[in-house]
Amino acid sequence: MHTVLLRKLLEALLTLFFATLIIFALIRLAPGDPVRLMLGHPGEIAAQGTSAYDEKVAELRAELGLDRNIAVQYVTWLGRLAQGDLGTSIFTGKQVGSEIAARLPATVTLSLSALLVQIALGLIFGMVAALRSGKLADQLIRVACVALASTPAFVVGLVALALFAVKYGVYEISSDFSAARLWLPALTLGVLGAPQLVRIMRANLLTEFGKIYVSSAQSRGLDRKRVVRHAARNALIPLVTMVALSFAGLIGGAVVIESIFSWPGIGKYALDSILVKDYPVIQGYALVAVLMVVLIHFLVDVVYSALDPRIHHKGEAGREEKA
Amino acid sequence: MKRRLNSKNPASLIIGLVVLAILAIAILGAPLLAPYDPVAQNAAERLEKPSEKHWLGTDRFGRDILSRTLHGGQTTLLSSLLALCAALAIGLLVGMAAGMFHGSALDHILMRIIDVLLAFPFMVFAMVIAGLFGTGLVHLLLAVVSVWWVSFARLTRSVVLHAKNETSYAAAKVLGASNLAIMRKELLPKAISPVLILATFELGTLILSIAALSFLGLGAQPPAPEWGSMLADGRAHFFQAPHILIGPAAFIVATVLAFNLIGEGLRDRLDPYEKLEL
Amino acid sequence: MRKLWSVVLLGLSLAVAGCSGGNSNTGNGSPASSSPAGSATQSEASPSPQASGAEPQELVVIGQEINASLDPVKPLTSSYLRNIGAGEALFKVNAGGEVEPSLAESATEVDPTTWEIKLRPEVRFWSGKAVNADAVIASLERSKSLDLQAQPFLNDLTITKLDDYTLQVRTNREHLPVPLNLSYYQTIIHNDEASHEDVATMDLTGMYKVTEFAPKQKMVLAINEDYWGRKPTIPTVVFEEISDEQTRVLSALSGRSHVTLNVPVSSLTQFKDNKEVYLSAAPAASTQTIYLNLSQPQLQDVRVRQALSWGADRDELVILAAEGQSTPVTTWLGSNPAYAAAKNAVYSQFDADKAAGLLDEAGWLKESDGIRYKDGKPLTVRLMTWGGDKALGEALQSQWTRIGVKAEVQHGDYSLIETARESGDWDASIEAWSTFGEEYAVLSGQYSSDGGANYGGYKDEETSRLLEELKKAGDPQSRHDLALQINERVAQQAPVISLFPRPQVTAVSGSLQGFEEHFRQFENVVNANLTLTAQ
Amino acid sequence: MSSDNRAEALEVKGLQVAYEQNGRRTTVLNSLDFKLGKGEILVLLGESGSGKSTIAKAVTGMLPPSARIGGGSLRVGAERIPDLGKPGIPWERIRGRGIAMLFQDAQSALNPVMKIKDHFKESLLYHGLASAEGAAAISVAMLERLNFKDVRHILECYPFQLSGGMCQRICLALALCLEPAVLVADEPTSALDTVSQKEVLDLLRKLQREMGLTVLLITHDIAVANAVGNRVIVLNKGVIEEEGETRTVLTRPGSAYTRELLAARNRIARPARGLPPAAGKPVLEIVRLSKTFGGKKRVLRQVDLTLNEREILGILGQSGCGKSTLAKCVAGLERPSEGRILLRGADIGHLKGKARRETSKRIQLVFQDARASLNPGRTALQLVQEPLQYLRIGGKEEREALAAYYLHEVGIADEALTRRPPQLSTGQCQRIAIARALVLRPDILICDEAVSALDMSVQAQILELLQRLQRQFGFSILMISHDIRVLRAFCHHIAVMSNGSFGERKQESGRLHESRQPHTQLLLKCAGDMEDGLV
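Chains as they are written, first to last, in our numbering: chain A, 2 to 324; chain B, 75 to 352; chain C, 101 to 635; chain D, 7 to 541.
For the record, the hints were derived by calculation from the structure and aren't laboratory data. Since the structure is predicted, the reported quantities are computational estimates derived from the model, not experimental observations. Honestly, I wouldn't trust all of these hints.
[Said to hold, decoys possible] Only pairs whose alpha carbons sit at most 30 angstroms apart, straight line, appear in this in silico DSSO-like list of lysine-lysine:
#: 1; chain 1: C; residue 1: K559; chain 2: A; residue 2: K57
#: 2; chain 1: D; residue 1: K127; chain 2: A; residue 2: K226
#: 3; chain 1: D; residue 1: K360; chain 2: A; residue 2: K212
#: 4; chain 1: A; residue 1: K9; chain 2: D; residue 2: K303
#: 5; chain 1: A; residue 1: K168; chain 2: B; residue 2: K123
#: 6; chain 1: C; residue 1: K318; chain 2: C; residue 2: K375
#: 7; chain 1: D; residue 1: K19; chain 2: D; residue 2: K41
#: 8; chain 1: D; residue 1: K334; chain 2: D; residue 2: K287
#: 9; chain 1: A; residue 1: K95; chain 2: C; residue 2: K309
#: 10; chain 1: D; residue 1: K243; chain 2: A; residue 2: K212
#: 11; chain 1: D; residue 1: K63; chain 2: D; residue 2: K123
#: 12; chain 1: A; residue 1: K212; chain 2: D; residue 2: K121
#: 13; chain 1: D; residue 1: K123; chain 2: A; residue 2: K226
#: 14; chain 1: A; residue 1: K226; chain 2: D; residue 2: K303
#: 15; chain 1: D; residue 1: K155; chain 2: D; residue 2: K123
#: 16; chain 1: D; residue 1: K63; chain 2: A; residue 2: K226
#: 17; chain 1: D; residue 1: K155; chain 2: D; residue 2: K302
#: 18; chain 1: C; residue 1: K474; chain 2: C; residue 2: K443
#: 19; chain 1: D; residue 1: K360; chain 2: B; residue 2: K238
#: 20; chain 1: A; residue 1: K226; chain 2: D; residue 2: K92
#: 21; chain 1: D; residue 1: K44; chain 2: D; residue 2: K127
#: 22; chain 1: D; residue 1: K44; chain 2: B; residue 2: K238
#: 23; chain 1: A; residue 1: K95; chain 2: C; residue 2: K318
#: 24; chain 1: B; residue 1: K123; chain 2: A; residue 2: K9
Extracted from the complex, chain A is given alone in its bound form:
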């Protein structure tokens, strides 16, 4: 078993290396120079004569090491990364590591709770759609899923806010990260992400219904609920990968919901830093995002083999087939 773990670790490192290399080069290709953007912010009065301005820019660029060629910058960044230092933000001057650490819990809690909502909705409506497949309930759920999947996130978010914060006043609009403020963004994000899981759950269930062990369970005189449970257990397994994918998507994609509910997560922080080309922060964020995905893939393997004995016994080959 440990050789598999070792290989997985190596793969993870390779992915991380790929990611940091691409992001490092890519953001420098993007237009706009962070220092000029920071200094040149249209303030009160345009300074007359730009000589002082250019000196300051050059001075700051040297200070931040942005004037050295990319390769050197990359190596120094990697070197510092090895000691766990993600560098300091050009804009706030704060340690990127601590900034991300301060904001990551908010995004993870939001994504996790949204994921729970997604799974709950996915299972319930997926089950109903499969059991009533072809009937009215199935078509209704299909139309609702398609409608939800084609509705912009900000529509659902703003309507939820208008309803619960203004009309009924049960939700407080602020920028705190607190349990009292978690339920609405989590519910919104969950409802937005649910259609994907409903569709998969329905398809998997219908496939399992066609299998012989379901008829065999039926032939043992078991009632409908137990027979469905037999099929559901098998239908859940491929769902795990889907759930992992949507969780990875949440980490990146929750930006819109985070900004609407002013949820102090990493999504909003990343979006701001991307707009002002705060290189260290973008690099730190991308690193963490990729790390999360790699972690999730690892968890999927663990959960997979726990859920499906065939993989546990057949090892890697089994999982590949089930992917």
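Use these hints to put chains B, C and D onto chain A, whose structure you have.
Below, chains B, C and D alone, put in the same frame as chain A:
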């Protein structure tokens, strides 16, 4: 409990095609059907609710939303379908290659690239492409395609891994088929249908991502009507004039529903043996 | 199976309610309320979440952005510290536009190039350290060296200590308004020995001390007990960043925030029937201006530039792009209250025929497709916009197209505009600079040949000569006339086209008394006589 | 279930079933009546398409949604269902305690993610036949009764860890725990190899003796009917051809159809000899061939084998003994871990790419599931041309001519040339597969269980076809099968394989009984017992 085998229900395919036909007629016939010029501004009739004169109301510049939705359809659907097909093609190719040479170095590298792209903040990609190549819809589609093929590749790879265990694959190999021939004749037909179904769902998300990126300057430049940017612009007046969104949103839902119904109907039609439903 | 169905119904109703809640009554002309569609958010006396029985102890201020650091020399940080009452400068500008002493006691102009400023002996930093001449000089020196944006105000001054509580300021220009220069937020007085990185170690003089800070998220302040001036009554202030426009509006409507800055003009109707919140809409002293690139061939002919200005229907632009929350301005200084007279000088009102005439005169003849050509090439203007100016760009594009210009809008991120300026590959872009301040500094920054905001490369002897004269001008009256002349000259040469002052709307809760409207919104939001009554 | 003193355990009257596939309705059963006495094993004997499994599904309410029940009444024990066509039949009450069911593919009849013990616990607890602890005891007792050795270990296993035979016996135990009045078994042993098949059938007879078990057994295999049936019903296209005591029906058949069935079977019994093998000239030599999967599972252990020109060599072994892996290695589908495969002296074991594809001209393989090896979307003519296209042999017309010729040789009628697999019978599919394999004029044709999925009559036709083609084209055949009868009747020599190796050298098929290998003797004994009583 009735066990629903993969029996054919033509209903979903027919309904899907009918809805798509109506949409196509409405959109392609936009120059004739649209009551007003989609671009002409009219300050007097700003933000009017849906009425006799303007069935879907008017936007902040007093432009008729129904006309803009019809004309916008051409740009949105054409471009997003184009982007989707490009992503589909790349996804299929990469997926098949990765699946075909499963376990080889190529497979590992492709999977690592897929992992990286999955985790990648799409925003950065879009920004870079806007910066390097400039704003506009074509460049947005470039950004979309460069990231969107990943989900298709993943799905194709898993279909190929399944297909490799089947007799038809072994038969082709024994009969002396080259890898390329096997891909074309055995793997592609099996992968097409599940990927097509996934594509129908991705269409909705794709159009919405055009809306999400318009503040970066990607997507159709004003005044061209386009569903995505109409949604984004409608956001500012969301509470004052929600009707701005209803036009484009309804058309997007109808389009995605149509493609989804067709996808489901096709799957039953195309692969009677198809067990893998996604 | 019954149980399953009940769960399903709950789920479905939740999703449906979620989707339709906001626009439930989009039916045309709902009888009950006369207000337009968005009345779903018409809130009766909605209970504000912390309707605590006792006198509410917390003033909540919501901004589009708050500072990213605590160090006053970091960009924009000092403006937020100033408006929330944490930081103070030697002088301040009151709502009427006059300069008043703040930390300083008084300022007298001894001779055309020297001023004496008397300090208040009783003023202490939060740490208790005395705010004497040495401390003030050290603070201003630190700002000058580290904060690029403080330099326009401090470069012309050399400050020396006469005695512990009097400063002598020598200016390299005659009759420089030293108090005005020392009223800007960039000249905020801070203890230069303290480290301004952390809440505990930062050291300012304001009526509120910072107790909690999360960069670009939230700042909490408490009353500074030994404040030198009149102490405020509200014990704590919470200053939060909510970057999403609609969410800010909803936070005001929900009654949670007492002061909500940067309310978007497109959401004003939502406040119409709301009795608890009133709006203070004072156009800012900064003009939405189109900067033209004079090195582009088609824009070198002044008649073309003037035609573009005549062809812009500013009244329609105010309605379409600012929801009517501003008034047209045809010259740049027009948005400054002190120069309101120049509001519609030169281009008195929208005149499409005059524009057409000018273009014909300049050789750009209209062809069948409605676009003007000159020796084969169409008259194209690519207008680059960013942030919230997309609608303004779209309206202009439509208006200019009507007079035969092939106008395109390229909306994108600010960095795209910067890169285009560096490469010179741009025609026009929209920005808004402040028109308030010392005339020479403001006008030279815009129109002198090496002005920081002179993007289009405008060089005009007449304007430069007038600027030199303004530099040496002594009394305020001659400065005022010279400024007007420059303003008119520039409007006439049209290197830029001024449109209207940027709208600026603040939502203030009815439960807050003592809020002072100020033409510089981010100036002093918090003042000593603010009081909160229970909801 | 109160036992009923009357003789019948199950009675079906007037059963009428049809299937509806996109518009077309095909009737399968037309007013069928039969009775099943208590403690009796009744065999429903018929070829595929005779409607025998439709009966099994009809009496357990497991017909697919496309089935339409025209009518028919069912009485089992005390339950009486007047009309099977009407909805709302309480199947949950009938299934399990009334009628239990065994399926053909036992391994996939058990939930892959559930342990064996949980299967027992669930059924017993649900039907209230035992408490949680009691369930464990009952399952142990039942498994021991069904000849399981270390029952504790079996209960902890998952289905995929057990062989087909074991799974079928577990399903039987599961069914018997519920003390059903009737056990309906649909082709319970056709997926098993001879040893496991015999074991299951012996068990059924033992349970009939000891517990008075009543069984309705559906099969296409005359030997199975002979081995276990008290009474036999011969079914052909939904109509009962003959019914009676097993011995009389199978030895002195009344109806012509039964006689035809028996004749077809006997044709296989008589060894029809092909060309005498050219002694001493080997075409294929396998030298010390081994194969391990995933580093742990050793499937082939140092296998040695030679195949001569024009020789038909049979490889006999139980499922899982490695015979298919050997076939795959020779055909190039798997790469051997060690050892060499010599084709006329040249090693083809480790060829890659182009070279490996060239060997396709020399070695061809025909699969067990013929239909699955053919692309459903192509016509017979197109299918046979596939290998020619893959290897770019000849032009378009030449390929078509070749294809038509070989299709004709394998006995496909002209009008079937343009039909696609879904419109062809399994037998026809196998003929096309053989034509496709021969079109390249291979030296060796490998048949991997090529006939075991076919009906008895079709089996005989295909084997005779292969013999004729072998005589006509002179290629060698490597025939892989678990069915000793087929190999003995068809091959010159037989090599017996068990867990990855051949016990001894290949032997004359006629003198197999002289083998000293215990495994071979066991196989012979099982096959022999199934035969006694038959002519």
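Given the hint that A:K168 pairs with B:K123, test it: the Cα-Cα distance must not exceed 30 angstroms. Between A:K168 and B:K123 the Cα gap is close to 23 angstroms, so the pair holds against 30 angstroms.
Please verify whether D:K360 and A:K212 have alpha carbons no more than 30 angstroms apart. violated (40 angstroms)
Is D:K155 within 30 angstroms of D:K123, Cα to Cα? Distance of about 15 angstroms is within 30 angstroms: holds.
Are the Cα atoms of D:K63 and A:K226 separated by 30 angstroms or less? Roughly 21 angstroms separates the two Cα atoms, so the pair holds.
Is the hinted pair A:K95 and C:K318 satisfied, with a Cα-Cα distance of at most 30 angstroms? holds (16 angstroms)
Compare the distance between the alpha carbons of D:K155 and D:K302 with 30 angstroms, and conclude whether the hinted pair is satisfied. holds (26 angstroms)
Mind checking the alpha carbons of A:K9 and D:K303 for me, to see if they're no more than 30 angstroms apart? Cα-Cα ~23 angstroms, so holds.
Does the structure keep D:K19 and D:K41 at a Cα separation of 30 angstroms or less? Since the Cα atoms of D:K19 and D:K41 sit roughly 8 angstroms apart, the hinted pair holds (cutoff 30 angstroms).
Agreement of A:K226 and D:K303 with the hint, judged by alpha carbon distance not exceeding 30 angstroms: violated (40 angstroms)
Hinted pair C:K559 and A:K57, Cα distance within 30 angstroms: OK: C:K559 and A:K57 at ~26 angstroms, within 30 angstroms.
Tell me if the straight-line CA distance from D:K360 to B:K238 falls inside 30 angstroms. Roughly 20 angstroms separates the two Cα atoms, so the pair holds.
Against the 30 angstroms threshold, does the CA-CA distance of C:K318 and C:K375 hold or violate the hint? At roughly 28 angstroms apart (the allowed maximum being 30 angstroms), C:K375 and C:K318 satisfy the hint.
Against the hints set out earlier in the document, violations occur for numbers 3, 14, 18, 22, 24.
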